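This is what each chain is made of:
There are 2 protein chains.
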Amino acid sequence: MSRPSVSQRQLERYPLYLSYLLECSKNSVKYISSSSLAKGLGLNEEKVRKDLQIVTRSKGIPNLGREVKKLIYDLETFLGYHHTTNAVVIGVGHLGEAFMDFDEFKSRGLNIVAGFDVDDLKVGFNINNKPVYHIDRLNDLIPSLDVRIAILTTPVKVAQNVTDLLVKAGIKGIWNFTPTHLNAGDEVIVEDVDLASSFAVLSYKLDTKFKEVK
Amino acid sequence: MSRPSVSQRQLERYPLYLSYLLECSKNSVKYISSSSLAKGLGLNEEKVRKDLQIVTRSKGIPNLGREVKKLIYDLETFLGYHHTTNAVVIGVGHLGEAFMDFDEFKSRGLNIVAGFDVDDLKVGFNINNKPVYHIDRLNDLIPSLDVRIAILTTPVKVAQNVTDLLVKAGIKGIWNFTPTHLNAGDEVIVEDVDLASSFAVLSYKLDTKFKEVK
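Which chain is which? The protein sequence lines are A and B, in order.
This note's numbering applies: residue 1 is where the first sequence begins, and numbers increase by one.
This note's numbering applies: residue 1 is where the second sequence begins, and numbers increase by one.
Since the hints were made in silico from the structure, they are not lab data.
Bear in mind the structure is a predicted one, so any value in this text is a computation, not a measurement.
Please note that a few of the clues may not be correct.
The list treats identical chains as interchangeable, and a pair is accepted whether it falls inside one copy or across any two copies.
What the hints assert, rightly or not - The calculated BS3-like cross-link candidates involving lysine-lysine, where the alpha carbons are at most 25 Å apart (straight line), are:
no.: 1; residue 1: Lys106; residue 2: Lys205
no.: 2; residue 1: Lys70; residue 2: Lys47
no.: 3; residue 1: Lys30; residue 2: Lys59
no.: 4; residue 1: Lys122; residue 2: Lys39
Only chain A is shown next, with the shape it has when bound in the complex:
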């Protein structure tokens, strides 16, 4: 199946639609129009209409809208939630441990199968029934565990070295939580979650809005 080209910003909106529709479904809402979805999420109506046309063939009923349950299913299919990808956590610190410990992402198709670290206090132990291996074992375990995604939560100073190891071991995608730029080559997808950047945006907007004397 060939997939339509969608922008990063556009992709980021689909999980928002899904979360809103799941709320609607819980509240026994059966049908929803693009305009009420747009209104509920504070988005532009035309944008929402276009976004939805990409993920669903359902046209909706005039004056009523699309069936919520069908739209949820189509969004989940589009987002790949109906098949599972194996992932590992690299760097079992606070954030890494939180990832291993909660199963939130399993319903979204992300199956964390193991962690990797260098710390003797962590290697050899289990977290939430998932083993923590020494980083030296990446090369033999990534292929045998059928892992495509690495969730990178190491300290910044080792992030690039670890990335080189991951690429060599055959990882296809890196979900990067370290606040640094990674060179992973053209064959590997890197998606950055930069909490420092996000906080910087919040902090800057607050300071601008409330113009404190410093």
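Assemble the complex: chain A is given as a structure, and chain B must be docked to it using the hints.
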């Protein structure tokens, strides 16, 4: 001091520059040009040049660039890292606990002073010397603790109700880690970190690149 208008995407780049420059500084690099900074981060040179002009008055030395230490200081000032804002964590689950437990963000001006939850197994206890209070106490504690920012890590289903309480208690900014849209009114800044959206982007790009048969 009036602040120049900068876009969200632009703001998000400044912490990247900073992290790169800190690495340079550690490696005893004394000067850096816009072009080598751009190259190191895989960004457009003209963009980097414009970004830097907003945060620093340093013009740099021809063929050498700007002083790294001065640029770091100017970036940190621009990002508000040199003054501290008090924050609370709302919802002391895995992610909330990770926030309370590590002090990573203190150097970026974010001082977490307490957590709030409804769970008897958490309320009344300390995490990393920070007390966890019952959510009922928001109204009296937010003003007395001089808190401007709430880090929201509750379940989705209570996120909007808690947001209403936070706004009423006088919170100015919400760092939203719940995968849902919050209505907080015009007076409160909401910055979303939507991990589900981020994962959706990674997952979609992987599927598109490697075109698996499903």
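Each hint, compared with the structure:
1. For the identical chains of this complex, Lys106 and Lys205 are inter-copy neighbours only, at 19 Å across copies versus 34 Å inside a copy, given an alpha-carbon limit of 25 Å.
2. For the identical chains of this complex, Lys70 and Lys47 are intra-copy neighbours only, at 20 Å inside a copy versus 43 Å across copies, given an alpha-carbon limit of 25 Å.
3. In this assembly of identical chains, Lys30 and Lys59 lie within 25 Å of each other by CA distance solely inside one copy; the values are 15 Å within and 61 Å between copies.
4. In this assembly of identical chains, Lys122 and Lys39 lie within 25 Å of each other by CA distance neither inside one copy nor across copies; the values are 47 Å within and 37 Å between.
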